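Chemist: Residue-level listing of the chains:
Protein chains: 2
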Amino acid sequence: MKLIQKIIFITFLSVTGLVAQDEHAFFIKSIHDYTLESGQCTEWLAHLSDTIGGRLTGSENAEKAVDYTYNLLEGMSIVDEVTKQPCKVPKWVRGNKEIGNIRWGDPKKGNYEAQKINITSLGNSIATSNRGVIADIVEVHSLDTLEELGKAVLQDKVVFFNRPMDPKKIHTGQAYGEAVDQRVHGASRAAAYGAQAVLVRSVTAQQDDLPHTGVQSYADGVEKIPALAISTNDANTISELLKKWDVTVYLKNSPEVMDSVISHNVVGEIKGSEFPNEIILVGGHLDSWDLGGGAHDDGSGCVHALQVFETLQALNYKPKRTIRCVMFMNEENGLGGGKAYAKASNEKGEYHMAAIESDAGGFSPRGFGCSGDPSVFKKFLAQAQKFEEFLEPYDLYIKAGGGGADINPLKSQKGLLIGLRPDGSRYFDFHHTTADVFENVHPRELKLGAAAMTSLVYLLDQIGLDK
Amino acid sequence: MKLIQKIIFITFLSVTGLVAQDEHAFFIKSIHDYTLESGQCTEWLAHLSDTIGGRLTGSENAEKAVDYTYNLLEGMSIVDEVTKQPCKVPKWVRGNKEIGNIRWGDPKKGNYEAQKINITSLGNSIATSNRGVIADIVEVHSLDTLEELGKAVLQDKVVFFNRPMDPKKIHTGQAYGEAVDQRVHGASRAAAYGAQAVLVRSVTAQQDDLPHTGVQSYADGVEKIPALAISTNDANTISELLKKWDVTVYLKNSPEVMDSVISHNVVGEIKGSEFPNEIILVGGHLDSWDLGGGAHDDGSGCVHALQVFETLQALNYKPKRTIRCVMFMNEENGLGGGKAYAKASNEKGEYHMAAIESDAGGFSPRGFGCSGDPSVFKKFLAQAQKFEEFLEPYDLYIKAGGGGADINPLKSQKGLLIGLRPDGSRYFDFHHTTADVFENVHPRELKLGAAAMTSLVYLLDQIGLDK
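Note that the protein sequences, when read in sequence, are chains A and B.
Reading the first sequence from the start, the letters are residues 1 to 467 in the working numbering.
Reading the second sequence from the start, the letters are residues 1 to 467 in the working numbering.
If we strip away everything but chain A, and leave its shape as in the complex, we get (with noise of 0.2 Å):
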């Protein structure tokens, strides 16, 4: 059936008011035909990834996917109103590339043998002195190991934080949030006990040369320290080595804190028919590391969101509930636009009933997880199973658990949070890296999760919540 068919074949049975679960599994067929033959998101991916490329908070980048997601928006009719929300987000700039070497061998007899390792700066690091820091390794598995070994040990040291990621976790976000506490705090621990840096094993199950970054966090009152990650490949060597010899690293960076900026959500908003003041919310983060093209984190969440719209409105769509496509600003390192997005929302009195970020990468969907204020987000897993019933021929589930850093915060209006769940095994391979690029993003893949993003805004906005 052509779309101009489709789209009469829709206005038709609902003017005729046949039965709704024949026209509900009829429009997410439509919507699955037309995102998968016409979708536009893998264009709208590869500017974002390629042509703009990485998009550091407060980098012009990221400014420029600001203005390119805001166009987009603008230029479609379905969208009543489109508008720049501002933040105040951190800036942090890497500076140059960074320099790492070891060296290990036997000091009496003065054969020493060294080799380069990948490294790159963690987010918000601090950099080295211009002559680099000079100090031997001690390898830790845990925070708390830092406890034990105390000053004796560690005075002066590098900490190198060596715990792998598990492999047997079956939903690899879950290994991630186990792994990540040495990247985010392990800098300030170590720090407590007099060490000069830390080295911290990539947060991936990967075997290779790719340093991961990611947010580190200083504590307050604790001495900064330069904080850096080190290629899977590497972390193994050094752990190797250690069995037999001391190995002193030389580690040189160049980051930068500079004073915060003034950047932007962007928020486009469809007003609703019937019920215009509960909102639907289908959003991504704009914001990515700089060392990729932030093609799966989050640049496909992005593009999921803004084809919720255009497919909507390729089915010329007129939804009850209002629906907004917000791209937030500093997920990856503090959160402000999210916090900002929030903070105004709940001044207005505005009551999201559901947000979905997707915020996982363009990889095939398997379903949802969501969470929110219990009285709400149970009564829905109930729900769930009428929603199931149309999600079923797609192999989309809904499960409890999920829903996003960016909206998290607008927990306490008792709606639902969502997240899109992709298959998670690739995941963490590309995550913030260089190979964060488009080319590592399959067509079909990200197509299917915008799919099933604009079903489930679909359904949310016929069916509702049960109250």
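Treat the hints as calculated values from the structure; they're not laboratory data.
Wrong hints could be hidden among the right ones.
To be verified - Below, simulated DSS-like cross-link-like pairs (lysine-lysine); rule was C-alpha separation at most 27 Å, straight line:
{"no.": "1", "chain 1": "B", "residue 1": "K379", "chain 2": "B", "residue 2": "K320"}
{"no.": "2", "chain 1": "A", "residue 1": "K320", "chain 2": "A", "residue 2": "K109"}
{"no.": "3", "chain 1": "A", "residue 1": "K348", "chain 2": "A", "residue 2": "K318"}
{"no.": "4", "chain 1": "A", "residue 1": "K386", "chain 2": "B", "residue 2": "K168"}
{"no.": "5", "chain 1": "B", "residue 1": "K399", "chain 2": "A", "residue 2": "K169"}
{"no.": "6", "chain 1": "B", "residue 1": "K88", "chain 2": "A", "residue 2": "K399"}
{"no.": "7", "chain 1": "B", "residue 1": "K386", "chain 2": "A", "residue 2": "K399"}
{"no.": "8", "chain 1": "B", "residue 1": "K169", "chain 2": "B", "residue 2": "K399"}
{"no.": "9", "chain 1": "A", "residue 1": "K386", "chain 2": "B", "residue 2": "K411"}
{"no.": "10", "chain 1": "A", "residue 1": "K318", "chain 2": "B", "residue 2": "K168"}
{"no.": "11", "chain 1": "B", "residue 1": "K29", "chain 2": "A", "residue 2": "K169"}
{"no.": "12", "chain 1": "B", "residue 1": "K339", "chain 2": "A", "residue 2": "K386"}
{"no.": "13", "chain 1": "A", "residue 1": "K29", "chain 2": "A", "residue 2": "K348"}
{"no.": "14", "chain 1": "B", "residue 1": "K168", "chain 2": "A", "residue 2": "K168"}
{"no.": "15", "chain 1": "A", "residue 1": "K271", "chain 2": "A", "residue 2": "K339"}
{"no.": "16", "chain 1": "B", "residue 1": "K348", "chain 2": "A", "residue 2": "K29"}
{"no.": "17", "chain 1": "B", "residue 1": "K168", "chain 2": "A", "residue 2": "K29"}
{"no.": "18", "chain 1": "B", "residue 1": "K318", "chain 2": "A", "residue 2": "K386"}
{"no.": "19", "chain 1": "A", "residue 1": "K116", "chain 2": "A", "residue 2": "K244"}
{"no.": "20", "chain 1": "B", "residue 1": "K318", "chain 2": "A", "residue 2": "K168"}
{"no.": "21", "chain 1": "A", "residue 1": "K320", "chain 2": "A", "residue 2": "K244"}
{"no.": "22", "chain 1": "A", "residue 1": "K168", "chain 2": "B", "residue 2": "K29"}
{"no.": "23", "chain 1": "A", "residue 1": "K399", "chain 2": "B", "residue 2": "K168"}
{"no.": "24", "chain 1": "A", "residue 1": "K29", "chain 2": "B", "residue 2": "K411"}
{"no.": "25", "chain 1": "A", "residue 1": "K386", "chain 2": "B", "residue 2": "K320"}
{"no.": "26", "chain 1": "B", "residue 1": "K88", "chain 2": "B", "residue 2": "K411"}
{"no.": "27", "chain 1": "A", "residue 1": "K168", "chain 2": "B", "residue 2": "K169"}
{"no.": "28", "chain 1": "B", "residue 1": "K157", "chain 2": "A", "residue 2": "K378"}
{"no.": "29", "chain 1": "B", "residue 1": "K386", "chain 2": "A", "residue 2": "K379"}
As the list claims (entries may be wrong) - Residues of chain B clear of chain A, computed beta-carbon distances all greater than 12 Å:
{"no.": "30", "residue": "Q40"}
{"no.": "31", "residue": "Q206"}
{"no.": "32", "residue": "K343"}
{"no.": "33", "residue": "P374"}
{"no.": "34", "residue": "L446"}
The structure presented is a predicted model; accordingly, all values stated were derived computationally and were not measured.
Here a beta-carbon is modelled for each residue, glycine too, at the ideal position from N, C-alpha and C.
Since the structure of chain A is provided, determine the placement of chain B on it from the hints.
Modeler: Okay, now just chain B, sitting in the frame of chain A:
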């Protein structure tokens, strides 16, 4: 918990007869833990697809694969018996690399342009003469169009079948099934109208330069003509050119159909302790096309099945039912192995309670599709909810529809026929091409598939089928 502790705990649960529910959930977690952490299927696949390489039926490589997997099974202490089961199979060899060029332009002015095209012989194709084929191209989009055009148009031409795979199908296997008639039957259908050869658009939704081979089948009583596949990029180019010009093609290939040979299925068996006459089969096919390394198709299926055995061995499992690991020969061009296996099994009066084939790639498993005699299969769909309870934490479903080419001949035994359903988004990017190599299989995705298969085998063995 360490593996040995797990084994003790499982034994404890068995001995004490503690709640079967918990025991099943715990064992399936152990299956996943072991496979993800220690499964050897990636190493086996590297050997099959990199070290041995493409394993066309009747080739030396195919026999190497027989020996390799036979030896692997022989080396497993859990296996009671390993056999090489003879089967008569066709032997087709590709010969030299195919040569293809197109030429177009204005014959009045004599200013022709020309370019090379990416082509590959389809399986069973005969060779062109030594001089090759030179003819004008006629593009069609379906087999039925041939009758409309008739000899008047098709005589002495090269028929170019150019119907693309439908990107809208959610399961790419369905889109493949709908497009593949051109490849399988195109040559004989076109020969009936006097065509000299056929060129078939590669059955993939990707746009690239890779020609995809695959089986084609000559009808009895019709002249055999050469049949070749062409890359989707070149197919699009020719289609565009044909809108303005006559396009002439030059094709030369040199495959040969040799005498049939004897090859082998490899069959490993663990004898059941309680119901030895109820057989549960897990399998894949050893043979592959020659262009790549047969990594997804179907090295992955073979190592999935082998991993089932290795994992059960590592967990010290003693099955109640007989479990067979079968590496079938000749799935790609004749099903010689599958037919020989079923024939021998039927002659012995065996009953395959369930046969599970993995032949859709080494991608993240989504679940299982099942079919079979209605009397059994419909009852199982109701029972499957019990199974799904245990599979749900691993995001695995059981749905209607599926099986496998090699196990389908077992249908008359009225057991279940089950196909592993991996995510299909990327399968036809690699299928039957030079890109079907080990590096394009993700180790984690491969292992998840093996763990899914093992879990289902375990549940079928423990619970059996509702009578």
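Chemist: If a hint holds in the structure, say so; if it does not, say that too.
Modeler: Going down the list of hints, with the structure as the test:
1. B/K379 to B/K320: holds, 21 Å
2. A/K320 to A/K109: It is violated: about 79 Å lies between the C-alpha atoms, which goes past 27 Å.
3. A/K348 to A/K318: holds, 24 Å
4. A/K386 to B/K168: Given pair A/K386, B/K168 holds - Cα atoms ~24 Å apart, limit 27 Å.
5. B/K399 to A/K169: holds, 25 Å
6. B/K88 to A/K399: Violated - the C-alpha atoms of A/K399 and B/K88 are around 50 Å apart, more than 27 Å.
7. B/K386 to A/K399: Satisfied, since the Cα-Cα distance of roughly 18 Å is no more than 27 Å.
8. B/K169 to B/K399: Distance ~17 Å between B/K169 and B/K399 Cα, so the pair holds.
9. A/K386 to B/K411: Roughly 35 Å separates the two Cα atoms, so the pair is violated.
10. A/K318 to B/K168: holds, 24 Å
11. B/K29 to A/K169: Since the Cα atoms of B/K29 and A/K169 sit roughly 10 Å apart, the hinted pair holds (cutoff 27 Å).
12. B/K339 to A/K386: violated, 44 Å
13. A/K29 to A/K348: With Cα atoms ~36 Å apart, A/K29 and A/K348 exceed 27 Å; violated.
14. B/K168 to A/K168: It is violated: about 34 Å lies between the C-alpha atoms, which goes past 27 Å.
15. A/K271 to A/K339: Holds: A/K271 and A/K339 sit about 23 Å apart, inside 27 Å.
16. B/K348 to A/K29: violated, 48 Å
17. B/K168 to A/K29: Roughly 9 Å between the alpha carbons, so the hint for B/K168 and A/K29 holds.
18. B/K318 to A/K386: The hint is violated at about 41 Å.
19. A/K116 to A/K244: holds, 19 Å
20. B/K318 to A/K168: Distance of about 24 Å is within 27 Å: holds.
21. A/K320 to A/K244: violated, 68 Å
22. A/K168 to B/K29: Status holds; Cα separation ~9 Å.
23. A/K399 to B/K168: holds, 26 Å
24. A/K29 to B/K411: violated, 33 Å
25. A/K386 to B/K320: At roughly 39 Å apart (the allowed maximum being 27 Å), B/K320 and A/K386 break the hint.
26. B/K88 to B/K411: Satisfied, since the Cα-Cα distance of roughly 21 Å is no more than 27 Å.
27. A/K168 to B/K169: violated, 33 Å
28. B/K157 to A/K378: violated, 66 Å
29. B/K386 to A/K379: Holds: B/K386 and A/K379 sit about 24 Å apart, inside 27 Å.
30. Q40: Label holds. Min Cβ-Cβ 14 Å, cutoff 12 Å.
31. Q206: Contrary to the label, B/Q206 does not stay out of reach of chain A, its closest Cβ about 9 Å off (not over 12 Å).
32. K343: Holds, since 36 Å exceeds 12 Å.
33. P374: About 22 Å separates B/P374 from the closest Cβ of chain A, which puts it past 12 Å; holds.
34. L446: About 10 Å separates B/L446 from the closest Cβ of chain A, which leaves it inside 12 Å; violated.
The structure is inconsistent with the numbered hints 2, 6, 9, 12, 13, 14, 16, 18, 21, 24, 25, 27, 28, 31 and 34, although it conforms to all the rest.
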